[in-house]
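Student: Letter by letter, the chains look like this.
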Amino acid sequence: MSSPRLIACHECDALQRRVSLDPGRRARCVRCGAVLYRRSKGTLDDTFAWTLAAAVLLIVANAFPVVSLEIQGQQTDATLFGAARALHGQGMTAVAALVLATLVIAPALELGALLYLIAPLRSGRVAAGFGVLFRLVHTLRSWQMFEVFMLGIFVSVVKLSHLASVVPGLGLWAFFGLMFASVAAAASYNEQEIWDHVEGIRRGGSLDNATAGAMQ
Amino acid sequence: MTSAAVTAAGRGLCSCHACGLVSRLPSRAHEGHCPRCDAVIHFRKPNSIARTWALLIAAIILYIPANVLPITITRSLFGVQSDTIMSGVAYFWASGSYDLAIIIFTASIFVPLAKLLALSFLTVSVQLRSRWEPLQRAKLYRMVEFIGKWSMLDIFVVALLATLVDFSSLAAIAAGPAAIAFGAVVVITMFAAMAFDPRLLWDAVGEEEPKVNAHG
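Here the protein sequences come in this chain order: A and B.
Numbering of the first sequence is given in our numbering, commencing with residue 1 and proceeding in unit increments.
Numbering of the second sequence is given in our numbering, commencing with residue 1001 and proceeding in unit increments.
Don't take every hint at face value.
[Said to hold, decoys possible] Among the chain A residues that face chain B by a calculated CB cut under 7 Å, a handful are:
| no. | residue |
| --- | --- |
| 1 | Gly-73 |
| 2 | Gln-74 |
| 3 | Val-148 |
| 4 | Met-150 |
| 5 | Val-158 |
| 6 | Gly-200 |
| 7 | Ile-201 |
[Said to hold, decoys possible] Below, computed lysine-lysine pairings styled on DSS-like, alpha-carbon distance capped at 30 Å:
| no. | chain 1 | residue 1 | chain 2 | residue 2 |
| --- | --- | --- | --- | --- |
| 8 | B | Lys-1045 | B | Lys-1139 |
| 9 | B | Lys-1149 | B | Lys-1045 |
| 10 | A | Lys-41 | B | Lys-1139 |
| 11 | A | Lys-41 | B | Lys-1149 |
| 12 | B | Lys-1139 | B | Lys-1149 |
[To be verified] Reference listing, derived: stretches of chain A covered by chain B, where coverage requires no fewer than 3 residues with Cβ under 8 Å from a Cβ of chain B:
| no. | segment |
| --- | --- |
| 13 | 58 to 69 |
| 14 | 90 to 96 |
The set of hints was computed from the structure by calculation and includes no laboratory data.
Predicted, not measured: the structure shown is a model, and the values here were computed from it.
The beta carbon of each residue, even a glycine, is placed where N, CA and C say it ideally should be.
If we strip away everything but chain B, and leave its shape as in the complex, we get (with noise of 0.2 Å):
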């Protein structure tokens, strides 16, 4: 198997990103119309290293107040306690839900922060025209698009906990502001994802030497 393939942009030809219909733009156009389900269509996504990295920049800033500040909050007859994405892991390990404890681990903080450090990785090695592994490079950007949504876990899970605990005289849970940073997280860098093209990273090995003149 070779690095270097005939691509469509190589040859004038575009890809419907929805219908996946191939179609050839206008000459020296950058954009034009799907002819089937009339989609805009590009060569390449556009500006999308620039579009990546504005949300790349703004999901590692909320990462901070996302883990620092409190995710739940609550209130019960022995006091107010304040729970972090980090105690809450912390607390299902000590009670001995390992199992869990390494679930919400693993959605909440590793995941996160993983895409964060990929897609990073993946940009960089774009802007830096790299050749190596595009294959692993590719495979790496398929696995940030699909742990993408698993973050909301703890979205879903606060959601659920602040509307089932609420008995007023006893214990009432309440999100804390951390929901709404690591929410945003959590958005953010499934459009950050969506913003990269994956193209790019093939672009930088070449296109092999046409074997004949596919002009016209």
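In isolation and in its complexed conformation, chain A is listed as follows (with noise of 0.2 Å):
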């Protein structure tokens, strides 16, 4: 038995019933001031969109170089596969990994899932293992840190800049984008909404599922 009247705070598990929002407001919890869940003003549409944009710029952020130095016509790039190399070469492959895992392969899989996920959604489908999927994309935005990555890259420029030039690649320019493109995709990505949708059509359409069965 479930109800998607209800909702419990995330935080501190007041029981709250839900109301319908304006696009663009959220609702808090009346005991902790916690978000409750938001209406986006984005459609599928935007977030598919979005998701997409995000993920070609993740492919040019890591094939081309985000930063290079030059001293006395010696030049060295930096790559995330690069600098991925160069640690483990260091004997630090744990924070090989650990650079590889936030900034490669965590939001690969995160905009490769959403995409599987949203694509059929647009035209009235559910995708097969969405539960599944689902969680790997919730668990995995905790893990975004372009951002951190971006202040990482001008800590480093500034740091360098006495030694030698620094020229900024194509990759910075590409996460500088995939931090603008992540950010609007997760504002009009709504997870509350994105289950309404899998609820209509499952309503509408084939009612062996065992889900759709319990929410009437």
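Two independent chains are provided; combine them into the complex using the hints.
Tutor: Below, the structure is given as structure tokens:
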């Protein structure tokens, strides 16, 4: 038994009734003030577009150097894979893995899963394995670190600027765009609305699903 | 605004951490599956206090090598220089980059320490079943969750420096052993914050007397 009209605050468990919101507004818990849910301004198409843009930018960001350094004719480039290889070569495999996990693997999985979930939803179908991949996206969300990495690039550039000329690479601009695209994707993406879509499709379509039966 | 409220758990209802659906668990069950997205659901995160402490203690131990051991080792024509996180801050301060010194001090020293102290305080307050200012403690928890990932800053800076400064004849920077310890502190404290269940802060405050019999 479940009730889609009720919501329990994820931070204090206070049970409250859902109210409908205007686009762009958020509902806060009456007891602890945590954001319970919000109504996004965007549509599924917006989320799909921004996620697709972010996915393309993620590929560019990894294919090209983020910054390059030049001393007396010698040049070194920093791509993320190059950084991982350098760290691994210095015996810092754990740090290399952490960098790859937070900046390449987690975002790639998140964006890939999101595209896989949203593309069929736009044409009224629920992708196979929806629950599992939805939870994957939900979990990976808290490991999103593009803005921290941007600050890291800034700090490194300032640190090195006195001893060599630092050249921003195409990867840097891609990361910059990626930061905005992923924020825009997140702003138009709303877990509650996604589930409203899924339930609408499941109710309207075949009722062989146990969940749809339980929701009646 | 009253601190006591009707909670989902008090009504035998359980909300899904992934999709937010409120559903009823079978009587006397402590965990079940979300009928909508199939996530494992609990009234409260299982063994939250023990798991938070285990992760916190591990992070506190690793915080020591993270600050004492060198995080970067610079080899140049002038010799070999080892830098700890603090000496990196001191370098920026001494060279007049006060803003960067403050950013790195905040991200690498203040934030991890504040997280460890805040989470320890919150966990102890739950163990003592404290009723003191639950809203303030809830806000403290929210802050811990929000600032967590910014500590990755130094890891990204070290990764970029180690990749870029690789001029065998002139200068080369390698990541030091503190990078592993520090990366572990950041990741483990993020897991500790996730293991902590903020709803426990409110459980001691108690539940309002039910106005209607909500059985069934």
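Student: Hints first: check each against the structure and report whether it holds.
Tutor: Hints and how they fare:
1. Gly-73: Since the shortest Cβ distance to chain B is 10 Å, the answer is violated.
2. Gln-74: 5 Å, holds
3. Val-148: 5 Å, holds
4. Met-150: 9 Å, violated
5. Val-158: 6 Å, holds
6. Gly-200: Where the cut-off is 7 Å and the nearest Cβ of chain B is about 13 Å from Gly-200 of chain A, the hint is violated.
7. Ile-201: Violated. Min distance 13 Å.
8. B:Lys-1045 <-> B:Lys-1139: Holds, at about 19 Å.
9. B:Lys-1149 <-> B:Lys-1045: Given pair Lys-1149 of chain B, Lys-1045 of chain B holds - Cα atoms ~22 Å apart, limit 30 Å.
10. A:Lys-41 <-> B:Lys-1139: This hinted pair holds, its Cα atoms lying about 27 Å apart.
11. A:Lys-41 <-> B:Lys-1149: 27 Å, holds
12. B:Lys-1139 <-> B:Lys-1149: 17 Å, holds
13. 58 to 69: With 4 residues in contact (Cβ-Cβ under 8 Å with chain B), the coverage given for the segment 58 to 69 of chain A holds.
14. 90 to 96: Coverage by chain B holds for the segment 90 to 96 of chain A (5 residues, Cβ < 8 Å).
Checked against the numbered hints listed earlier, the structure breaks hints 1, 4, 6, 7; every other hint is satisfied.
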